[in-house]
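There are 4 protein chains.
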Amino acid sequence: MPEFLRVTVWNEFRHEKVHEKIRSVYPEGIHAVIAGRLRADGHQVRTATLDEPEHGLTEAVLAETDVLTWWGHMAHHDVDDRIVDRVQKRVLDGMGLVVLHSGHFSKIFRRLMGTSCALNWREIGEKERVWVVAPGHPVAAGLGESFVIPHTEMYGEPFDIPAPDTLVFVSWFQGGEVFRSGCAYQRGRGKVFYFSPGHETLPIYYQSEVQQVIANAVNWVAPLGWPAVPVPSTRIGGGHRTEPLEDVPDTGVR
Amino acid sequence: MPEFLRVTVWNEFRHEKVHEKIRSVYPEGIHAVIAGRLRADGHQVRTATLDEPEHGLTEAVLAETDVLTWWGHMAHHDVDDRIVDRVQKRVLDGMGLVVLHSGHFSKIFRRLMGTSCALNWREIGEKERVWVVAPGHPVAAGLGESFVIPHTEMYGEPFDIPAPDTLVFVSWFQGGEVFRSGCAYQRGRGKVFYFSPGHETLPIYYQSEVQQVIANAVNWVAPLGWPAVPVPSTRIGGGHRTEPLEDVPDTGVR
Amino acid sequence: MPEFLRVTVWNEFRHEKVHEKIRSVYPEGIHAVIAGRLRADGHQVRTATLDEPEHGLTEAVLAETDVLTWWGHMAHHDVDDRIVDRVQKRVLDGMGLVVLHSGHFSKIFRRLMGTSCALNWREIGEKERVWVVAPGHPVAAGLGESFVIPHTEMYGEPFDIPAPDTLVFVSWFQGGEVFRSGCAYQRGRGKVFYFSPGHETLPIYYQSEVQQVIANAVNWVAPLGWPAVPVPSTRIGGGHRTEPLEDVPDTGVR
Amino acid sequence: MPEFLRVTVWNEFRHEKVHEKIRSVYPEGIHAVIAGRLRADGHQVRTATLDEPEHGLTEAVLAETDVLTWWGHMAHHDVDDRIVDRVQKRVLDGMGLVVLHSGHFSKIFRRLMGTSCALNWREIGEKERVWVVAPGHPVAAGLGESFVIPHTEMYGEPFDIPAPDTLVFVSWFQGGEVFRSGCAYQRGRGKVFYFSPGHETLPIYYQSEVQQVIANAVNWVAPLGWPAVPVPSTRIGGGHRTEPLEDVPDTGVR
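Residue numbers (the numbering used here), protein chains in the order written: chain A, 94 to 347; chain B, 94 to 347; chain C, 94 to 347; chain D, 94 to 347.
Honestly, the hints are just simulated from the structure, not real lab data.
Accuracy of the hints is not assured; some may be wrong.
The list makes no distinction among identical chains, and a pair is therefore deemed to hold if it is satisfied within one copy or across any two copies.
No more than 20 Å apart at the CA atoms, straight line, and that leaves these computed lysine to aspartate or glutamate pairs for EDC-like [said to hold, decoys possible]: (1) K114 with D258; (2) K220 with E336; (3) K200 with E147; (4) K220 with D343.
Note that the structure is a prediction, hence the values are computed from the model and not measured.
Whole structure, please, built from the sequences with the hints as guidance.
Rendered as structure tokens:
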């Protein structure tokens with residue numbers, strides 16, 4: 094069994110450079126905080142951002158990535174469709190994907206879900222309680238029945254996603270809403286986990302329970318056979334299987 | 094309660110014009126056979142085909158469509174992406190969609206599923222048995238435990254789809270394969286049913302059990318509130334809900 | 094298509110007789126209020142209660158019941174196991190079952206779920222908001238995005254149930270909890286819907302949205318082919334199928 | 094991370110003693126073959142059988158069991174209901190359970206499923222092909238698209254189970270049937286996996302792919318936090334949470 098995963102932490106990394114308020118919370122970018130925790134877990138972590146060539150997600154980088162985490166917000170439309178194609182193909186081939194917060198509207202998440210992924214939101218710094226509704230699920234490991242995020246951006250139902258394969262978390266908001274805040278999916282050979290808490294102007298990604306969830310999610314979405322063995326292209330390709338596996342008498346209608 | 098649905102039966106309708114063998118089985122097109130059965134059920138049915146302007150799927154037509162059925166095969170790539178966008182939006186708004194056989198590779202099905210929708214296939218005219226694995230599901234109404242399609246095109250696993258919300262049928266093939274041949278999905282406010290039996294050179298769409306399944310599927314995917322009331326745009330739009338529903342004390346962090 | 098269902102509304106009907114506070118809210122029993130609404134919908138409704146012979150659920154009554162609704166609270170243990178067996182068998186045969194509020198701890202619900210069905214609760218008359226998370230589901234028909242129950246008993250997560258086939262409602266509580274308050278299941282040929290709002294000392298069953306949900310649930314759990322045709326015993330019985338459907342050469346190992 | 098699981102392999106162990114044909118295939122009992130493979134994987138394995146006191150499943154044994162595997166056939170009714178209660182409680186608390194072949198009719202499986210678990214069967218030694226329909230699932234690790242069991246007992250649909258949380262395998266039978274042969278469930282904090290191949294008169298449990306699936310299943314159903322840490326009772330108990338987590342103004346209706 095391998096002792097680490099090869100994780101690529103992706104961040105749009107635009108508003109950290111532009112908004113003083115955001116920079117004051119995440120001076121080196123949101124990706125730096127997420128990557129820091131995953132490195133502390135012993136994973137082999139690299140980061141990639143929107144303004145790098147190919148958004149830092151070259152074929153070579155993705156081929157060496159077991160798990161990709163995704164944070165985007167104000168520039169979803171600037172992500173090149175060819176890179177989205179590439180990431181989707183890798184997920185269907187087995188690469189894990191963890192989508193965070195405003196990544197619900199990213200091209201890659203909408204592509205994999207097939208729905209609008211729309212939701213309701215509100216930014217007044219209200220309280221959120223994240224409840225575990227699937228206590229046996231690996232992404233809930235180490236958590237209690239619920240935990241509090243003192244100040245959050247509200248994300249509220251209806252959330253236009255396919256029903257998750259497993260609903261792991263449901264959030265309560267002080268202002269009256271609920272939200273399916275932890276959603277687990279299998280797509281092709283790859284696993285996808287969406288986790289809604291997190292915001293660019295609030296120090297949510299420094300909170301220990303939030304980091305625990307992200308770390309758990311990275312482990313859960315990891316491909317089978319990870320990662321000492323080079324991950325082969327395992328996509329479910331399909332094809333023309335001209336010969337039957339069992340004898341079929343001549344039907345006269347071929 | 095309304096007595097009928099407004100159904101649009103879509104067909105690529107290319108190879109019926111080109112291949113004598115196909116024309117001999119479906120002289121007026123596959124859509125004519127499907128529409129015939131649905132009309133006999135009392136529905137208000139129109140047909141639409143690829144080579145019509147906007148593929149026959151104008152905004153006006155879709156606005157008056159409760160359920161769309163889809164048959165395509167050799168020209169999936171000729172379907173305009175803008176029409177795919179339009180159909181997807183209508184499904185998320187509540188329009189039902191029934192996808193047939195080789196429609197598994199249509200742009201609209203792949204768009205709604207988010208996966209490759211690849212499968213294995215073989216054309217030797219072997220036997221297929223369609224087994225009901227969800228006997229209480231409305232799409233299985235009126236069927237026995239299984240039924241036989243004497244000569245079929247084999248579609249085999251692995252089939253690269255999201256796990257269906259409900260798996261209704263599993264097919265057995267003489268040549269040794271199995272296939273999830275009846276798959277029910279909710280996407281947004283719309284329902285989608287995929288049914289794999291059917292082929293352009295075989296008279297499968299004339300078979301009574303197959304027609305029964307398609308008729309059941311059309312009823313099952315029908316939107317709520319159908320259709321005497323004009324169907325409003327009911328898409329789960331989401332948006333900025335600036336004010337909380339419950340009192341939230343000043344948090345000092347807005 | 095039939096114009097009505099044969100519904101049996103079951104109530105423990107004990108504390109209405111004992112507690113003045115409860116009698117003042119439901120003077121003729123909770124079943125009378127539920128039955129009243131369903132009769133207004135045109136259904137053929139009878140009621141049955143714990144202290145009747147066989148709890149009012151004889152073989153004959155169940156054979157003529159398309160949908161059973163269940164309300165119990167303080168006397169779950171007084172329900173005869175043989176009657177539970179009988180109801181379970183009928184559900185697996187296709188009879189619909191709607192389980193209300195404290196019925197989560199009834200023998201029949203626990204039997205059908207296979208889990209403890211435990212939850213957390215609190216009675217301080219706090220506010221509940223019921224959110225629709227499956228807007229296209231028939232049990233949500235006619236509802237908006239959410240509705241308020243002004244004073245409720247809190248039922249909170251973790252709720253020890255199998256993940257529902259479809260999660261329709263999630264409730265928000267003023268005191269900080271969330272709850273999966275509307276859960277849809279298929280069991281055998283029968284459908285089961287659990288709906289948590291409702292309490293014996295609060296007039297929740299008089300509220301129009303709550304009555305709407307119960308009415309929707311009764312329609313949704315109705316068996317296929319209902320009910321003009323006598324409902325046959327349709328249980329999935331299984332059995333020794335001695336002869337193969339397809340030719341199997343002598344294997345030498347029979 | 095622990096290096097092994099504490100596995101208890103349970104076997105009815107009756108017909109191996111009585112039928113010469115069965116003894117010739119499994120001279121030391123089916124449990125011996127299953128335990129042998131799991132020991133080779135490095136797990137700490139004990140066996141338990143029906144005719145031991147408390148069927149070998151004392152409170153002490155279960156408290157030290159991370160994963161229980163179950164094989165029963167002709168004496169399901171001889172299993173004491175109190176032991177079934179005990180096993181069910183441990184599963185809901187987090188112990189994994191792997192149910193094999195004719196264990197579909199065991200009291201513990203029926204208890205956890207809530208349905209009849211009936212199916213169709215035939216014993217003519219026909220061929221079975223086990224197809225992987227969830228290629229990314231851990232229980233399918235190391236397998237190809239399908240594998241063949243040369244001679245098998247047919248188990249056929251309809252199989253009266255709740256729809257699995259994940260359907261991993263579907264089997265094809267030479268005689269014309271299909272079967273959901275690998276079914277994954279979460280129940281409480283515990284995981285349950287049902288795997289249908291295996292028979293007392295056929296050497297199926299010696300086949301490498303079958304052993305691989307059982308070994309995978311044992312790993313997949315293992316409880317979180319396994320097992321160096323003593324597994325606490327983690328059942329979702331529920332209870333009276335008298336005080337709200339958030340301030341609730343006096344409602345006047347307590």
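Cross-check of the supplied hints:
Proximity of K114 to D258 under the C-alpha cut-off of 20 Å is found in neither arrangement, the shortest distances being 37 Å within a copy and 43 Å between copies. Proximity of K220 and E336 under a CA criterion of 20 Å is satisfied inter-copy only: 14 Å between copies versus 61 Å inside one chain copy. In the homo-oligomer, the alpha carbons of K200 and E147 lie at most 20 Å apart inside one protomer (15 Å), although the nearest pairing across protomers, at 26 Å, exceeds that limit. For a Cα distance limit of 20 Å, the shortest separation of K220 from D343 across copies, 11 Å, qualifies, whereas the shortest one inside one copy, 69 Å, does not.
Going through the hint list in order, the structure does not satisfy hint 1, though it satisfies all others.
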